[in-house]
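Using the sequences and the accompanying hints, generate a full structural model.
Residue numbering for the sequence shown follows this note's numbering, starting at 220 and increasing by one per position.
None of these hints come from the bench; they were simulated from the model.
We treat Cβ as the ideally placed atom computed from N, Cα and C, and that holds for glycine.
There may be inaccurate statements among the hints.
What the hints assert, rightly or not - Taking CB as the label site, the calculated pair distances span: (1) I226 x N311: 51 to 57 Å; (2) V233 x G317: 42 to 48 Å; (3) S227 x D346: 56 to 62 Å.
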Amino acid sequence: MKLSKFISVIIIAVLILGFGPGVGALELDVEDAMSEFASEVRLLDEELQLLRNPFADQRPREPEPGPAPSPAPDAEAEEEVEEVSPPEFSINGMVRSGGRVVLIIEDGAVPELLRAGQSYDGYQFVDFADGEAVFRRDGQDFNLQVGGGA
220 MKLSKFISVI IIAVLILGFG PGVGALELDV EDAMSEFASE VRLLDEELQL
270 LRNPFADQRP REPEPGPAPS PAPDAEAEEE VEEVSPPEFS INGMVRSGGR
320 VVLIIEDGAV PELLRAGQSY DGYQFVDFAD GEAVFRRDGQ DFNLQVGGGA
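Below is the structure:
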């Protein structure tokens, strides 16, 4: 009986001493890594804040200015509807918390974070459902899938 208690004490001591220093090695300095990443890809302070906590600041960005509407020359003239090309950027991922969605957009080398209501390259992010993001430009809707384009 004494031998089993002695072995139990030895095992506990080995576990405490063995894993004690190992736990310290698992501490990661995420803040330094994030700051280094931000400097490498030249993120703005607002984008870095969104990267740290995508749902912290919900202030909407001002919409990008679009072209001024041209006056109609004649009421009888036929309206020409200009076809808007689909977006050329892709959605690399998304993060959902509660009812809010943040998209990770990539158009070239620098990824950007986009929340509902914000615009990117003239396309406003309107909604996200069933794995597809809905973007609107000049009254036309475009569905983009996560991991791909239009």
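Earlier hints that do not hold, by number | No numbers; nothing is violated.
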